[in-house]
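Q: Listed below, chain by chain, are the residues.
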Amino acid sequence: MTEEEKYLYGKIHRDNPFRVPDGYFDRLADEVMARLPEEKPAARLVALRPWLYAAACLCIAVIAGVSFYFNRNMQLQPASTDDAIYASTVPSDSYFDDAANHMMVDNQDIYACLTSEY
Amino acid sequence: MSNVEIDQEHLLQQQLRDPKTRRRAFERVVRQYSEQLYWQVRRIVLTHDDANDVLQNAYVKAWQAIDQFHGDSKVLTWLSRIAINESLDFVRRQKKVNQLSADDPDGSVASMLQADDYFDGDETEAQLQEAISKLPDVQRTVFQLRYYDEMKYSEISRLLDTSEGALKASYHIAVKKITEFFKARD
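So the sequences go chain by chain: A and B. For the record, in the first sequence the residue sitting at position 42 is 42 according to the numbering used here, with numbers rising by one throughout. For the record, in the second sequence the residue sitting at position 144 is 144 according to the numbering used here, with numbers rising by one throughout.
Bear in mind the hints are in silico, worked out from the structure with no lab data behind them. Possibly wrong hints are sitting among the right ones.
[What the hints assert, rightly or not] Cross-link-like lysine-lysine pairs, in silico, BS3-like; alpha carbons within 25 Å at most:
1) B:Lys134 / B:Lys177
2) B:Lys152 / A:Lys6
3) B:Lys134 / A:Lys11
4) B:Lys177 / A:Lys11
5) B:Lys152 / B:Lys74
6) B:Lys61 / B:Lys96
7) B:Lys152 / A:Lys11
8) B:Lys96 / B:Lys20
9) A:Lys11 / B:Lys183
[As the list claims (entries may be wrong)] Which bits of chain B does chain A cover? Going by a derived footprint, with three or more residues having C-beta under 8 Å, they are:
10) 22–34
11) 48–60
12) 168–178
[Unchecked claim] Example chain B residues on the side facing chain A (calculated, C-beta under 7 Å, incomplete):
13) Arg42
14) Phe90
15) Asp120
All C-beta atoms in this analysis are idealised placements derived from N, C-alpha and C, irrespective of residue type, glycine included.
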């Protein structure tokens with residue numbers, strides 16, 4: 001024991017100077033239990049957890065499915081009405097190639113025809 | 001702990017983990033440990049009304065955190081930790097309020113205690129409580145657990161999650177400060 005401890009033990013006793021109201025500890029447990037919720041919020045959440053996971057998976061699947069569906073439809077349709085009209089009226093290059101093959105006309109003949117003064 | 005005490009502790013922890021037995025087990029805990037916890041709280045917050053409020057709040061917090069108690073310590077150690085932290089938080093808030101209210105903090109603890117119906121100590125005891133209240137949190141807690149509860153350093157270490165060496169140092173510094181406080185008044 002240090003000198004300071006000896007001094008303190010001689011100066012002050014260890015008796016408890018504090019008091020409590022009569023019957024306090026008899027009433028305390030009932031008061032505490034009355035404050036506690038009947039069912040713990042954590043327990044309720046734990047019980048619902050599988051349902052929450054299933055709901056989350058379903059939401060993700062629905063969102064992914066809807067996104068995929070709209071994205072696919074956008075790819076199949078032209079960007080605008082004007083584009084649709086253009087695509088339907090202007091023939092592709094393969095049409096000219098087929099026609100040129102049928103007429104047995106090559107590119108030189110086509111150029112000569114286009115640049116002539118007819 | 002004896003083998004019987006170990007078995008009782010294991011059974012209690014098991015009942016606290018099981019939602020079906022949890023509430024009844026918690027009530028047994030409250031009835032069994034309240035007096036011990038109350039005095040740990042009371043020595044920090046000093047008045048009965050404050051001790052009652054702090055202790056009940058500590059129990060509510062413990063109930064809400066019951067799923068986080070994994071049996072790493074005894075139930076009483078876990079509860080003590082919550083109760084002491086609640087007590088120290090309360091005292092810190094009270095100090096801030098006292099500073100803002102411009103009351104002179106020096107001497108107010110001793111005067112307040114001597115006016116308290118539930119304090120039977122004399123002037124020296126009131127002055128001692130004032131000296132203890134001025135200590136930093138760890139020193140204050142270690143001093144009270146060691147001096148009044150005669151708790152072993154190993155138990156305090158588990159309670160405060162601080163090394164025994166640090167606790168011994170804190171305790172001796174606390175003793176020195178309180179001794180100086182009294183010698184200055186002699």
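Q: Hints numbered earlier in the text: which of these fail when held up against the supplied structure?
A: 8 and 14
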